[in-house]
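Student: Sequence:
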Amino acid sequence: APDGRAMVGARIVRLLVATMLNAEPSADPLHQQVAKAWAADNKHAPDLIRRALVLLADHELNASTFTARCAASTGLNLYDAVIAGLAALKGPKHGGAGVLASQLVKTLIDRDVEPMVRERVALGERFAGFGHGVYKRGDPRAQSLLNALSRAGAPRKFTREVPERIAEATGEFVNIDYALAVLVHALRLPAGSELALFAMARSVGWIAHASEQLQFGKLIRPRARYVGPAPGRRVVTGSKV
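Counting along the sequence shown from 1, when you hit position 188 you're at 188 in the working numbering, and nothing is skipped either side.
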């Protein structure tokens, strides 16, 4: 029943957050729990963390949400659907990208932005936290969070200069993974908390999608078309001299 799934979903979120914070499950607002555990001395932390959680809560059928929804379509319960979502989120091309973006931020702490950008572009390297398959002109979630960080006193170097220089050099605009990395740096959150914050937030979206799938959906079964050599046709894989 929908009410039952809502109660289970709330329990899952509480358990997930408690596990990641190494704390007892609590009914307090999530952003307050995170701020208390990781940034108790920073007055801006509760609001900034709340903004990040809201911006990350759902984003239509991204890889982890589609995974969670597919799992639910087989009849699995919400716990299993969230586990499936977590597995997909961890990948470096999805939620794990925030950890890579944090490495970029750390590299730039004691370096000038423009020379480093030129150097990496010359080497053909890409920048974690930049470019997005949906947002070709910049991720509005990233801009919203970076603006809030700027108002809270985060260094302009990271909220404005880095995004501008990289966009000029590569044509790729900042995404939410970079903004999350700047949040972690500005609040001095624990290493790896980029992925943890993403998971805490997105678990709410997974639960909503999985609940909807369980209530209304059938088994999700995409089709595939074979595009290899025709049956019986000889395939040349190489030649001997």
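Calculated directly from the structure, the hints in this document are not laboratory data.
Only a predicted model underlies this, so the values are computations on that prediction, with no experimental measurement involved.
Note that the Cβ used here is the ideal one computed from N, Cα and C, for glycine as well.
Incorrect hints may appear among the rest.
To be verified - BS3-like mimics (lysine-lysine), calculated; alpha carbons at most 27 angstroms apart, straight line:
#1 K136 - K106
#2 K43 - K157
#3 K218 - K157
As the list claims (entries may be wrong) - Simulated restraints on C-beta separations:
#4 N147 - F216: 52 to 60 angstroms
#5 S26 - G153: 22 to 30 angstroms
#6 D58 - D28: 15 to 23 angstroms
#7 R234 - R137: 42 to 50 angstroms
#8 R234 - V113: 51 to 59 angstroms
Student: Determine for every hint whether it applies to the structure shown.
Tutor: Hints and how they fare:
Distance check on the hinted pair: K136 and K106 sit about 26 angstroms apart at the alpha-carbon level, within 27 angstroms; holds. Simply put, K43 and K157 have alpha-carbon atoms about 21 angstroms apart, close enough for the 27 angstroms limit, and the pair holds. Taking the CA atoms of K218 and K157, the gap is near 49 angstroms; set against the 27 angstroms cutoff, the hint is violated. In this structure the supplied range 52 to 60 angstroms is violated for N147 paired with F216, their Cβ-Cβ distance being about 37 angstroms.
As the Cβ distance of S26 to G153 is approximately 29 angstroms, the hint placing it in 22 to 30 angstroms holds. D58 and D28 have their C-beta atoms about 22 angstroms apart, which keeps the hinted 15 to 23 angstroms range intact. Taken as a hint, the range 42 to 50 angstroms holds for the pair R234 and R137, whose Cβ atoms sit roughly 48 angstroms apart. A hinted range of 51 to 59 angstroms for the beta carbons of R234 and V113 is consistent with their spacing of about 55 angstroms.
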